[in-house]
Amino acid sequence: MKDEKPGKENNVVYNGPSVDEVCLLDMCKDTGIGFFINRDSDEIIINNNGVEEKYGIIKMFPFTSERKAMSMVLQHPSKDKAICYVKGADSSVFPMCEGYGGSGKLSGF
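In this text, residue positions in the sequence shown follow the numbering used here: the first is 5, and each later residue adds one.
Since the hints were made in silico from the structure, they are not lab data.
Be careful, since some hints might not be right.
To be verified - Derived SDA-like pairs (lysine to any residue); straight-line CA-CA distance at most 25 Å:
#: 1; residue 1: 91; residue 2: 69
#: 2; residue 1: 63; residue 2: 36
#: 3; residue 1: 91; residue 2: 102
#: 4; residue 1: 91; residue 2: 44
#: 5; residue 1: 85; residue 2: 52
#: 6; residue 1: 91; residue 2: 101
#: 7; residue 1: 91; residue 2: 26
#: 8; residue 1: 33; residue 2: 78
#: 9; residue 1: 33; residue 2: 21
#: 10; residue 1: 83; residue 2: 43
#: 11; residue 1: 72; residue 2: 22
#: 12; residue 1: 85; residue 2: 69
#: 13; residue 1: 63; residue 2: 34
#: 14; residue 1: 63; residue 2: 35
#: 15; residue 1: 63; residue 2: 25
#: 16; residue 1: 58; residue 2: 94
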């Protein structure tokens, strides 16, 4: 949403249920890495280092207490591949990763 303060009308202010997510979005915007532009039911639009990119939404897996994670599968805008982004506690996400041997670390990194 837009900042309503005088002189800051062009600033974007992120709002959401997760303080971590809002802080991550603010950090990306403030450092110039990129920023979120828009999202609807079909795509997400971001600015990535000055380039607008549109990612098609393939599938969303909402957070559940069983998985303790949420995931989103997106179509890469310029490569013929899908990307799966996962958010959750490392104790929940690591076991879902290929190469995880239960040691608390991913092999090959």
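The hints, checked one at a time:
1. 91 <-> 69: Holds: residue 91 and residue 69 sit about 13 Å apart, inside 25 Å.
2. 63 <-> 36: It is violated: about 28 Å lies between the C-alpha atoms, which goes past 25 Å.
3. 91 <-> 102: The hint holds at about 16 Å.
4. 91 <-> 44: holds (19 Å)
5. 85 <-> 52: holds (18 Å)
6. 91 <-> 101: Holds, at about 12 Å.
7. 91 <-> 26: holds (14 Å)
8. 33 <-> 78: holds (21 Å)
9. 33 <-> 21: Distance ~19 Å between residue 33 and residue 21 Cα, so the pair holds.
10. 83 <-> 43: holds (20 Å)
11. 72 <-> 22: holds (15 Å)
12. 85 <-> 69: Violated, at about 29 Å.
13. 63 <-> 34: With a Cα-Cα distance of about 29 Å, the restraint between residue 63 and residue 34 is violated, given a limit of 25 Å.
14. 63 <-> 35: Violated: residue 63 and residue 35 sit about 30 Å apart, past 25 Å.
15. 63 <-> 25: This hinted pair holds, its Cα atoms lying about 20 Å apart.
16. 58 <-> 94: It is violated: about 28 Å lies between the C-alpha atoms, which goes past 25 Å.
Comparing the model with each numbered hint stated earlier shows that hints 2, 12, 13, 14 and 16 do not hold.
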